Amino acid sequence: MNQIEIKGITKVFGETTALKNVTLTIEPNKIYGLLGRNGAGKTTLLNLMTNKIFPTSGEILIDGQNVLENDQALSQIYCIAETNLYPENMKVKSAFDWTKKFYPDFDRGYADMLAHKFGLDTSKKIKSLSAGYNSIFKMIIALSCQVKILLLDEPVLGLDANHRDLFYKELLSNYSAHPKTIIISTHLIEEAADLLEDVIIIKEGEVLLVDQVENLLSKGYTLSGVASLVDEYIKDKNVLAQSSFGGLKTAYLLDESARVNLPQGLEISKLDLQQMFIHLTNV
Amino acid sequence: MKLQSIIRYQLSDSKKSLLIFYAIMFSIPLLTTTGFLSFGSGSAEVRGTEMASAIFIFVIGLNSFRANFLFSQANGVSRKTQFKGFLVTILLISGVMAIIDAIYTHLFSLLVPYMSFFSMIYGSIYLTDSAPLSALFGGLLWSFFLYALYGMFGYFVTLVYYRSGLIMKLVVSIVPAIFIFFVLPYLAFVNLAVSRVIVNLTVLAFGLGVNLNPYQSMFTFSLFFIIFAIGSYLLMRRAPIK
Amino acid sequence: MFMDNSSEKPIYVQLAEWMMDAILSGAFPEETQVPSTTEISVTYRINPATALKGINVLVDDAILYKKRGLGMFVSSGAKERILEKRRKEFFDSFISSLIAEAEKLAITKIEIMDMIERGYTE
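Protein chains in written order, with my numbering: chain A, 1 to 283; chain B, 1001 to 1242; chain C, 2001 to 2122.
Derived by calculation from the structure, the hints in this document are not laboratory data. Hints are not guaranteed to be accurate.
[Stated by the list, open to error] Partial selection, computed: residues in chain A whose CB lies under 10 angstroms from chain C:
| no. | residue |
| --- | --- |
| 1 | Glu15 |
| 2 | Lys169 |
| 3 | Glu170 |
| 4 | Leu172 |
| 5 | Ser173 |
| 6 | Tyr175 |
| 7 | Ala177 |
| 8 | Glu190 |
| 9 | Asp194 |
| 10 | Leu195 |
| 11 | Glu197 |
| 12 | Asp211 |
| 13 | Val213 |
| 14 | Glu214 |
| 15 | Gln264 |
| 16 | Ile268 |
Since we're looking at a predicted model, the values are computed, not measured. Glycine is no exception: its CB is placed at the ideal position from the N, C-alpha and C atoms.
Could you put the whole structure together from the sequences, leaning on the hints where they help?
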């Protein structure tokens, strides 16, 4: 088991409330997407899960153990942070060596193989790495340390399209070989969408929804056609947003009811995760 | 497991600076005796190197928090474990430095007119037969406590800075300076009663009474070590990453 | 690449259809092994649970079967079963929508028949 329970977490920084009474259960061995706009509280939540900061109230349990100051619980988690936590003068290979001391299951051979695949020069100092290679460096450590829970905060920041593709593939083959709980926080929703099993969307410090991606996608659709017909059809449905263009109207729906009796002249099309996210989190 | 690793990490982090420090410390008397370096009058004399060691370990303490904290956090090490790791590390470094300095004292007092800080203060009680050994041992123990205190103090200072906002940082920096340079001299020179208390306290704390007693100062060092250790732990306990 | 992100169909359904197309085309002959869910997941960058779901649809329809310790294989008679299934779906997916679109455009039944005739001759 590697379940994470987040119970009534509130985090206040000075005058701003970053998270408001967040309660969530992260099920074991699933890939989660943690989505939210800038400042929604994603990083704060991930930092709380690894006790890099302390909650104002509430608690986070990993397999029933509170994470606060808990070496055992913390050794099951590895978190890729946006900020660099490694000493600036440390070389990549010595960071690998040290990680092995803190995470005994760290697979050095695998790390070197990944470094080779991504073209990361392990004799370089961490501070001399470009933004993209810094992400690659952290991602390699995350994939190699063989922990039960991986938290990836913007893992592909600064990576080019080829490296992003390679990263997603390596992540999936790592996950298939060693199932683990993975939470990915990213703004590149479109390209990560198919990797995710479940999704958590947070908005202004509150959980907006938690659902299986497939289930969520099956509820969402775009409806377009003559304005009066669209209005008639959507009047008893859950509409996320709508836009008009002359006499035509497009409505974005998130609705479970079956799409029956669709009047002539109305067209249904797919609403993908990214569009859904945009409409859900727009102010 | 994590404790062992963090101790190893912190030791390796200080290893390089320790080597450089002792390279310099050993080269000074060597250079002076071989004539490469001379101080003014020509009668070369080296004194009280413990103070250099104490300041050095103070700097080690200063540099032992921030980067190590971030690194510990990256590796899932709790603050508690990191703190324990620092305690072990600073005691080990103090011990090693005390031993090296004892050897240093012994070696160079044979070569040049050398006097350790310890023997300048307490030297007079070691004039009996068994003197050389017990002086060496006393000096070793005394410098160990001194170094541990300085290291802990450095750690405490850096933690105060880490936990303070900009205004607190200014207050923390200015208040002790005002106290040392204005309040203390004022009290000492203007108010004789207070100055007497200060003198008496100093004598008591460092065992400088009629019977010189280095163990009294060792007790004081360890007392302050504990105070700064508790202070550091309290500051560190809930430290967030920045 | 089987995935069409603009398609309304869920990915697992698209995967099942792609696999059936491949079997029909002879890319995966009967009694041969098909890629594992891990291979599919990594190659097409989809969640392994999604890949498994797509494969399971075909296992339920007896198009694929599991050889213990070896992997997934194409059942004998799979091609025939797929054809049968597709024929059944042909009416729903093509004829019904053809008639619906024809009504929108006011094309009569006779005209449709003519068009079909023309389609065969061209």
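Each hint, compared with the structure:
{"no.": "1", "hint": "Glu15", "in the structure": "40 angstroms, violated"}
{"no.": "2", "hint": "Lys169", "in the structure": "5 angstroms, holds"}
{"no.": "3", "hint": "Glu170", "in the structure": "8 angstroms, holds"}
{"no.": "4", "hint": "Leu172", "in the structure": "5 angstroms, holds"}
{"no.": "5", "hint": "Ser173", "in the structure": "5 angstroms, holds"}
{"no.": "6", "hint": "Tyr175", "in the structure": "7 angstroms, holds"}
{"no.": "7", "hint": "Ala177", "in the structure": "8 angstroms, holds"}
{"no.": "8", "hint": "Glu190", "in the structure": "8 angstroms, holds"}
{"no.": "9", "hint": "Asp194", "in the structure": "5 angstroms, holds"}
{"no.": "10", "hint": "Leu195", "in the structure": "6 angstroms, holds"}
{"no.": "11", "hint": "Glu197", "in the structure": "5 angstroms, holds"}
{"no.": "12", "hint": "Asp211", "in the structure": "14 angstroms, violated"}
{"no.": "13", "hint": "Val213", "in the structure": "8 angstroms, holds"}
{"no.": "14", "hint": "Glu214", "in the structure": "6 angstroms, holds"}
{"no.": "15", "hint": "Gln264", "in the structure": "7 angstroms, holds"}
{"no.": "16", "hint": "Ile268", "in the structure": "7 angstroms, holds"}
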